[in-house]
Amino acid sequence: MAAVTIRKVRKVFGKVEVIHGVDLTFQDGEFVVLVGPSGCGKSTLLRMIAGLESVTDGAIDIGGVVINDFAPRDRDIAMVFQDYALYPHKSVYDNMGFGLKMRGASPSEIAERVKEAADVLQISHLLDRRPGQLSGGQRQRVAMGRAIVRRPRVFLFDEPLSNLDAQLRAEVRIEIKKLHQRFGTTIIYVTHDQVEAMTLADRIAVLRGGVLEQFATPDAIYNKPASKFVAGFMGSPPMSFARLTASADGKTLAMPSGTVLPARGGLVMGGLSGDKSYDAGFRPEHVKLGADALPGGVNTTARVEILEPLGAETLALLTVGGAVLTGRFPPQAGVKSGDEVTVSLGAADMHLFDTETGRALVA
Amino acid sequence: MATRLSSLERSERRLGIALLAPAFALLSGVVLYPIYNLIRMSFSENKLTEPWLAKPWIGFENYAKAMGDERLWEATWHTLLYVIVTVPGAVALGLGLALLANQPFRVKWPVRLGLLLPWALPLVFAGLIFRWFFEYQQGLVNNALIWIGLPPVNWLTQEGPAFFAICVAIIWKTSSFAALVLLAGLQTIPKSLYEAAEVDGASKWQQFWEITLPMLKPAIIVALIFRTITAIQTFDIPKAMTDGGPGNATETLAMYIHKTTIDSLDFGYGSTLAVLMFVASAILTSIYLRHTRRDPSAGRH
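In order, the protein sequence lines correspond to chains A and B.
Residues in the first sequence are numbered from 1 upward in steps of one, following my numbering.
Residues in the second sequence are numbered from 1 upward in steps of one, following my numbering.
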C-alpha cells in the first residue's frame, strides 16, 4: 500500500497537450475516482501512473519515490483494463498466476495465492476454463483476480465496468467496494459514469479538457460543486441552470421572467455585482411541487413540459420563469404535461456561477 | 425424417442453385474434367512419340512402373527435402519480417514494399536473379567470398551447394507471403494484452513467447499449410537455376513430371506421376487441416 502524488504533470502527444499541469495527492488506502467526459485526460493520467504512457513534464510519486522513469513492472501496481486484456490462450488459473510467474514465484506460492484470490471472487470453479468460455461478468472477475494475486501497492482500474450491462454493473460495483474494504489497498479508478464515481469514491477528481476541475469527497462534489461544469456533470439527473440578473444593489436576483429570488445573503462571498448576470443552478430536489414545499423556498408558477415517471419519484421538466428546470415530484402528484403548477424553488440551496469563468461563487 | 420446406424456402433454394450453377459449370470445365481426364490417361499408354501404338488401356502398369522408378523416388526425396527446409525456413524468416513490419515505423512504405516485392515477382524471375547471384564467374556471392578472402564455390554445379542455393532462393521468394499472413495475424493481437503483460512484469522476450507466439499460432499454421502446398509443387526456381542438375540432383517431382510429359511426350506415364503427386499432397494437406480445426482459443472442455 502506498500514497500517490501527482505533481504538475503535463502530457503532450505530438503537438497536442492533453493534460495541462495536474496536481493531485491520494492518501494511502484511499479509493479515488478520476471522472470526466471522454477526452478529458483521465485515462491518460491513469496510464501515466501505470507507466504505459511517458510523463512529459512533472512528477508521479508512489510511496515517496518518483517513478517517472520506472518500467510498469517495477512500479508495483496492478491494472484492470477496460477490455479486461485477459490472455485468451491461457486458462483462468494461468491468467491469474501470470504476473507471479513472471516475477519468479514458486508454483506452490502461485497456487496458494491464485486459490485465495479465486475464493474471494468466487471463481474457483472457473480456474480451468479459457476466457473465451466465460461471461462478461466472469471475465471481469478474472481480470480483478489477476490484479489481486499480485498484492500490489496500488490498483488501477480503467473503466472496468463499461462493457457490462446495467444490472451486472451495479453488482460488480458493490463487489469492487467490498474488495477495497477487505484489502485496503489504494485504488485509482477511471470512469466516465458519475454514478460509479459517486458510489465508489472516497474522493473524486473531476477532470475536464486536461484540467482538474475539483478534487473532493462525493458529498462536497455534489453539494458544493466548484464549477458549473462539475455541477452539471455530477448528479443524476444533472443540475439545471437558469440565467439570473442581479438587482442594482446586489441583494436580489431576477429570473428571466422577472420573478425575484433572494441572493443567498451572506453566503455569497463579496456579494453580487449590481446588474450583472449569473448562472444559477438548482438540483432537482430543490425544485419541489407545491407552495412552501421547501424551507426558504420561493413560490412560483411553472409549466410542466415532460414527465418521466421512475416509480419512486417522477422527474418533471418544467418551464419556470423563462428557464427550463428539472424537478423531483412525488410519484402520485396527479400532474399532467401542459399543467400550470406552483413549485417551491429552493433559493437557499441555489448554486451561483460566474457566467464567464464558470466558477462557483459560493464557498 | 425430411422436414418439409415452405414455398419461400424452396424458391430461395432454387435461386441459390441457379446462382451457383455458372461457377460450378466453369469449375467443372477447368478443374474437374481435367482431373478426370488425367486419371483416365494414367491408366493408358499414351506416347506422342509413338502414335502408331494408339492409346491402349493398360490398367495399373504405369503405377507398377512408378513403384520401381528410381528417378521418381529420388525426385520425391528432393521435393521432401525442399519442403522440410524451405517451409519452416520461409515461415521463420517471414515471422521475422512480419515482426519488423509491425514496428511503428514513421515511414511505412519502404518496409511494406520490401515485404511485397519478392511476393509480386514471378517465380522464374526470382530463379534467374538467384542464378546470377550464385553464378561462378560474376556472381554476387562468389564476389563477396573472394572479397573476404575465401575461395569461390561452384554453387550450381555441385549437389550440396546447388541444393543450398535453391533453398536460399525459395526461402527469399516465399517468406514474404508467410510474412503477409503473419503480419495480418499480428495486427489482430490486442495491444492491451501487451500492456497487461508489461504491468504483469513480462520482459519483451517473455511477451513474445507468452503472447505473440501462442496468439499467432493459427496464422502460423495457415502460413505453413499454404507454404507446404506450394513447396510440394516446387518447379520454377530449380528449373531456372539448375534445371534439376547436376544430373538429377536437384530435380523435384513437378520437374520430373514436366520432363516426362513435355520433354519425352509420354503422357500416360506423366499422368500417372501427376496422380501420385496429387494424392501425396492431398494427404499432407488433410493432415494439416485436421490440426487447424482445433480452435486455439477454445478450452480443454
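Careful, some of the hints might be misleading.
No more than 20 angstroms apart at the CA atoms, straight line, and that leaves these computed lysine to any residue pairs for SDA-like [said to hold, decoys possible]: (1) A:Lys101 to B:Arg13; (2) B:Lys217 to A:Thr259; (3) A:Lys101 to B:Pro214; (4) A:Lys101 to B:Gln206; (5) A:Lys177 to A:His89; (6) B:Lys239 to B:Phe164; (7) B:Lys55 to B:Phe43; (8) B:Lys204 to A:Asp94; (9) B:Lys204 to A:Gly132; (10) B:Lys191 to A:Lys15; (11) B:Lys191 to A:Val195; (12) A:Lys15 to B:Phe164; (13) A:Lys8 to A:Gly58; (14) A:Lys336 to A:Glu356; (15) A:Lys90 to A:Asp61; (16) A:Lys101 to A:Gln82; (17) A:Lys101 to B:Glu198; (18) B:Lys204 to A:Lys8; (19) A:Lys101 to B:Phe208; (20) A:Lys90 to B:Lys55; (21) B:Lys217 to A:Val120; (22) A:Lys251 to A:Pro237; (23) A:Lys90 to B:Lys65; (24) B:Lys239 to B:Glu159; (25) A:Lys90 to B:Glu159; (26) B:Lys217 to B:Pro88; (27) B:Lys191 to A:Thr44; (28) B:Lys217 to B:Leu99; (29) B:Lys239 to B:Ile287.
Covered stretches of chain B, going by a simulated chain A footprint (3 or more residues, C-beta under 8 angstroms) [said to hold, decoys possible]: (30) 185-196; (31) 208-214.
Derived by calculation from the structure, the hints in this document are not laboratory data.
Glycine included, each C-beta is placed from N, C-alpha and C at the ideal position.
To see whether the hints hold, each was checked on the structure:
1. Pair hint Lys101 (chain A) plus Arg13 (chain B) does not hold up; C-alpha atoms about 56 angstroms apart against a cutoff of 20 angstroms.
2. For the given pair, Lys217 (chain B) sits about 73 angstroms from Thr259 (chain A) by alpha-carbon distance, which is inconsistent with the 20 angstroms threshold.
3. Between Lys101 (chain A) and Pro214 (chain B), the direct Cα distance comes to roughly 17 angstroms. Compliance with the 20 angstroms bound is thereby established for this hinted pair.
4. For a cut-off of 20 angstroms, the pair hint linking Lys101 (chain A) to Gln206 (chain B) stands: about 11 angstroms separates their Cα positions.
5. A threshold of 20 angstroms between alpha carbons decides the hint, and for Lys177 (chain A) with His89 (chain A) the separation of about 30 angstroms lies outside it, so the pair is violated.
6. A distance of roughly 15 angstroms separates the Cα atoms of Lys239 (chain B) and Phe164 (chain B); the hinted pair therefore holds under the 20 angstroms criterion.
7. For the hint pairing Lys55 (chain B) with Phe43 (chain B), the CA-to-CA distance comes to about 10 angstroms; that is within 20 angstroms, so the pair holds.
8. Proximity of Lys204 (chain B) to Asp94 (chain A) is assessed by CA-CA distance (about 19 angstroms); at most 20 angstroms being required, the pair is judged to hold.
9. For the hint linking Lys204 (chain B) to Gly132 (chain A), the alpha-carbon distance of about 25 angstroms lies beyond 20 angstroms, and the restraint is violated.
10. The straight-line distance between the Cα atoms of Lys191 (chain B) and Lys15 (chain A) is roughly 23 angstroms, outside the 20 angstroms bound, and the hint therefore fails.
11. Note on Lys191 (chain B) and Val195 (chain A): the hinted pairing is violated, with a Cα-Cα distance of about 29 angstroms set against a maximum of 20 angstroms.
12. At most 20 angstroms may separate the alpha-carbon atoms for a hinted pair to count; Lys15 (chain A) and Phe164 (chain B) exceed this at roughly 52 angstroms.
13. Taking the CA atoms of Lys8 (chain A) and Gly58 (chain A), the gap is near 5 angstroms; set against the 20 angstroms cutoff, the hint holds.
14. Restraint check for Lys336 (chain A) and Glu356 (chain A): the C-alpha separation of about 37 angstroms exceeds 20 angstroms, so the hint is violated.
15. A hinted pair counts as satisfied when its Cα atoms are at most 20 angstroms apart, and Lys90 (chain A) with Asp61 (chain A) does not qualify at roughly 34 angstroms.
16. For the hint linking Lys101 (chain A) to Gln82 (chain A), the alpha-carbon distance of about 23 angstroms lies beyond 20 angstroms, and the restraint is violated.
17. Straight-line distance between C-alpha atoms of Lys101 (chain A) and Glu198 (chain B) comes to about 13 angstroms, which keeps the hinted pair within the 20 angstroms bound.
18. For the given pair, Lys204 (chain B) sits about 31 angstroms from Lys8 (chain A) by alpha-carbon distance, which is inconsistent with the 20 angstroms threshold.
19. For the given pair, Lys101 (chain A) sits about 15 angstroms from Phe208 (chain B) by alpha-carbon distance, which is consistent with the 20 angstroms threshold.
20. Restraint check: the Cα-Cα separation between Lys90 (chain A) and Lys55 (chain B) comes to about 61 angstroms, which exceeds 20 angstroms; the hinted pair is violated.
21. This hinted pair does not check out: Lys217 (chain B) and Val120 (chain A) have alpha carbons roughly 34 angstroms apart, beyond 20 angstroms.
22. Distance restraint check for Lys251 (chain A) and Pro237 (chain A): the Cα-Cα separation of roughly 30 angstroms exceeds the 20 angstroms cut-off, and the hinted pair is therefore not satisfied.
23. With a C-alpha separation of about 53 angstroms, the suggested pair Lys90 (chain A) and Lys65 (chain B) falls outside the 20 angstroms cut-off, and the hint is violated.
24. In summary, the hint linking Lys239 (chain B) to Glu159 (chain B) is supported, as the alpha carbons are separated by about 15 angstroms, within the 20 angstroms threshold.
25. The suggested pairing of Lys90 (chain A) with Glu159 (chain B) is violated, with an alpha-carbon distance near 47 angstroms, which exceeds 20 angstroms.
26. Of the pairs offered as hints, the one joining Lys217 (chain B) and Pro88 (chain B) holds, with about 14 angstroms between alpha carbons and a cut-off of 20 angstroms not exceeded.
27. A C-alpha spacing of about 15 angstroms is found between Lys191 (chain B) and Thr44 (chain A), which places the hinted pair at or below 20 angstroms, so the restraint holds.
28. Under the criterion of a C-alpha separation no larger than 20 angstroms, the hint pairing Lys217 (chain B) with Leu99 (chain B) is consistent with the structure, at around 14 angstroms.
29. Straight-line distance between C-alpha atoms of Lys239 (chain B) and Ile287 (chain B) comes to about 29 angstroms, which puts the hinted pair past the 20 angstroms bound.
30. Three residues within the 8 angstroms Cβ limit are the bar, and the segment 185-196 of chain B against chain A gives 5, so the coverage statement holds.
31. For the segment 208-214 of chain B, the proposed coverage by chain A is satisfied: 3 residues have a C-beta within less than 8 angstroms of a C-beta in that chain, meeting the threshold of three.
Consistency with the previously given hints fails for numbers 1, 2, 5, 9, 10, 11, 12, 14, 15, 16, 18, 20, 21, 22, 23, 25, 29, ordered from lowest to highest.
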